[in-house]
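K.L.:
Listed below are the residues making up each chain.
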Amino acid sequence: MTAGLPPSQGGRRLTIAEALREAIAEEMRHDEKVFLIGEDVGVPGGFGGAFGVYLGLTEEFGHERIIDTPISEKAIAGAAVGAALMGMRPIPDLQYSDFLFECMDELVNQAAKMRYMSNGKLSVPMVLRCPVGTANRGAQHGQSPESYFVHVPGLKVVCVSDAYHAKGLLKSAVRDDDPVIFFEHKLLYGSKGREQAGGMDLTSYVPEEEYFFPIGKAVVKREGTSVTVVATHMSLYRSLAAAEELARDGIECEVIDPLTLLPLDEETIFASVRKTGRLVIAHEDTLTGGWGGELAARVAEECLFSLEAPIRRVASHDVPLPVAPVMEQTVVPSVARITAAIRRCCEG
Amino acid sequence: MSSDNRAASAEPGSEPGTTEVDAYDELELYRRMQLIRRFEERVYLVYLQGEIPGTLHQYQGQEAVAVGVCDVLRRTDWITSTHRPHGHALAKGVDLRAAMAELYGKATGCCGGKGGSMHLGDPSVGMLPAIAIVGGGNTVVTGLGLAFKLMHTDQVAVCFFGEGASNEGAFHEGLNFAAVQHLPIVFACENNLYGASTPFTLTSLVPDVAARAAAYGVRGEIVDGMDVLAVREAAGRAVADARAGAGPILLEFKTYRFAGHSRGDVRGYRSREEEAEWKGRDPIVRIRESLALTVGEEVLDATDTGVEAALDDAIEFARQSPLPRAEDALTDAYATVISRESAP
Chain A
1 MTAGLPPSQG GRRLTIAEAL REAIAEEMRH DEKVFLIGED VGVPGGFGGA
51 FGVYLGLTEE FGHERIIDTP ISEKAIAGAA VGAALMGMRP IPDLQYSDFL
101 FECMDELVNQ AAKMRYMSNG KLSVPMVLRC PVGTANRGAQ HGQSPESYFV
151 HVPGLKVVCV SDAYHAKGLL KSAVRDDDPV IFFEHKLLYG SKGREQAGGM
201 DLTSYVPEEE YFFPIGKAVV KREGTSVTVV ATHMSLYRSL AAAEELARDG
251 IECEVIDPLT LLPLDEETIF ASVRKTGRLV IAHEDTLTGG WGGELAARVA
301 EECLFSLEAP IRRVASHDVP LPVAPVMEQT VVPSVARITA AIRRCCEG
Chain B
1 MSSDNRAASA EPGSEPGTTE VDAYDELELY RRMQLIRRFE ERVYLVYLQG
51 EIPGTLHQYQ GQEAVAVGVC DVLRRTDWIT STHRPHGHAL AKGVDLRAAM
101 AELYGKATGC CGGKGGSMHL GDPSVGMLPA IAIVGGGNTV VTGLGLAFKL
151 MHTDQVAVCF FGEGASNEGA FHEGLNFAAV QHLPIVFACE NNLYGASTPF
201 TLTSLVPDVA ARAAAYGVRG EIVDGMDVLA VREAAGRAVA DARAGAGPIL
251 LEFKTYRFAG HSRGDVRGYR SREEEAEWKG RDPIVRIRES LALTVGEEVL
301 DATDTGVEAA LDDAIEFARQ SPLPRAEDAL TDAYATVISR ESAP
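Residue numbers (this note's numbering), protein chains in the order written: chain A, 1 to 348; chain B, 1 to 344.
No lab work stands behind these hints, which were simulated from the structure alone. Errors might be hidden in some of the hints.
Across the chosen pairs, the derived CB separations fall in these ranges [what the hints assert, rightly or not]:
{"#": "1", "chain 1": "B", "residue 1": "H182", "chain 2": "A", "residue 2": "E32", "range": "19 to 27 angstroms"}
{"#": "2", "chain 1": "A", "residue 1": "R12", "chain 2": "B", "residue 2": "L323", "range": "55 to 63 angstroms"}
{"#": "3", "chain 1": "A", "residue 1": "R12", "chain 2": "B", "residue 2": "A335", "range": "53 to 61 angstroms"}
On a predicted model such as this, the values are computed, not experimentally measured, just so you know. Here a beta-carbon is modelled for each residue, glycine too, at the ideal position from N, C-alpha and C.
Excised from the complex, chain A in its bound form (with noise of 0.2 angstroms):
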């Protein structure tokens, strides 16, 4: 099954992993100022980067354009802020998005702060990719920490979950003169997510020539007029396992992907909400403080005579993450979780 994929176009197919190292490759070949700078990213007979994103780029770039960096996540994100403010183009890597909190000064203090207090005389165009999302590693290597930076003035934050949407964003993010953190969940890299995603085919259509995919712009992934989803990750793949299956109940869902948490495209969210009445929020970043609680007040504010029933948000629960299965698919959004909240919204 391939919902909510972009339609097949007779072309290739790629992972999302695949996907990003294409992009990547494009934009160093395009402008020289474009660097990879992290920890396990290009040393000869290593891993490529923890997800293996990298592999290969070094025989094509060299070790001066892909820096393998000590464990000092500080200073990989300061050398980016640094260098980003001179003119470069630099995508860090943290390897996991729970290491950010290692980095948060130069991150919400320095990137995203320096254009405003420079009154725009500079800007700081960086790439901050950052792995999310559980798959039994536990507490210190599952988290989805989109929204504290959700909170920060002065930084786009996208989440990216096909390959399609991967590879044009990414292009678009390193073309972009603001601080960007890049969230990828760890079991959309490839094959490996697919038992977890549901059975889903995680490669997509990726054209062959040159094409970018715009901060901002929201994606509708399953049109329908009952109810609308709006997901991101894991999350979205799930909120579209449970469309088909209450689309067998006369349960319509429009399930979107916001694609860029920062900002967001309340146009396409706003119009979905509009014609539905209705809005479940689904993601993997815990609950309290988490981006849905924005969303559903944005919609509170803008939309709420057009709503029908009390807006549902279906997320992690406010725990730490447990590494056994049994447990950690209890803390994450399930289907069951997600179809249970749609059919509460839709009953209300």
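Once you've looked at the hints, dock chain B against the given chain A.
P.N.:
Same frame as chain A, now just chain B:
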């Protein structure tokens, strides 16, 4: 007082200021230090009169460091600064009027009123908005050095920081990364003995920040920060080495802030005897005494008069300048703003 932790010291003489310095060269150093000193004293007065919003972290006593280091830098070299940036800004060449107007929160300020005292800076003269997070510049500066290396320019970046920052993780990560990448950076530590009210001896068993350089395979030097010529000599060698690819280098300037940590500090944590002892080594008095014998008192007095006139002009400029428009607060968070078109 200058010492060198590494047996093989750098080659002197490759940059100006490392050998004979003529009297008018020294007079210019004096003028810049005097400008900073009088800037701080007059800013304090207008601050007390309620003309400047916020708080102030002042630089009196440390002028030799900013002036001596920046004297060996080119306009295309960059510096990062701290919450105490006035001296660095004026020494690197930020326009005096624009610096004063920034303190006043005026539209004509070097950051349009968005930065204020703690974020003075101007990219056109090679100064980032000052970074007021202790240690914040120590990682960001590595990116400046990395960019220069990748772009194959011969620019150098200098990171000013205090001894307090040497207890931050950022100091260690930044220094180590700069070292393994051989970046063209001079880490310029101004050890003024106190982090706010806390003496360095309470926070580090290592008395000299310069000694920490050895842990990263970097040359560390202790320099008399109360002697502008010693500062310039050491900085000249360090910057020349960094420019030649032998960076980074860590310089520790032993210095003292004559004023409190910030505007309301009555300095109860240090003795008046200690203050008097350090004021006895006032870098401006020191060079003035030497210059009196060469250029003469008359020239020095004329220089002072020129400094006061420049400050009169800057203060008047700041006073007369327009306030920023209130709506300007909402611009410049992003380079590319994606419009939100939400229907009411």
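K.L.:
Does each hint fit the structure? Answer for all of them.
P.N.:
Hint by hint, here is what the structure shows:
no.	hint	in the structure
1	B:H182 / A:E32: 19 to 27 angstroms	holds, 20 angstroms
2	A:R12 / B:L323: 55 to 63 angstroms	holds, 58 angstroms
3	A:R12 / B:A335: 53 to 61 angstroms	violated, 34 angstroms
Checked against the numbered hints given earlier, the structure breaks only hint 3 and satisfies all the rest.
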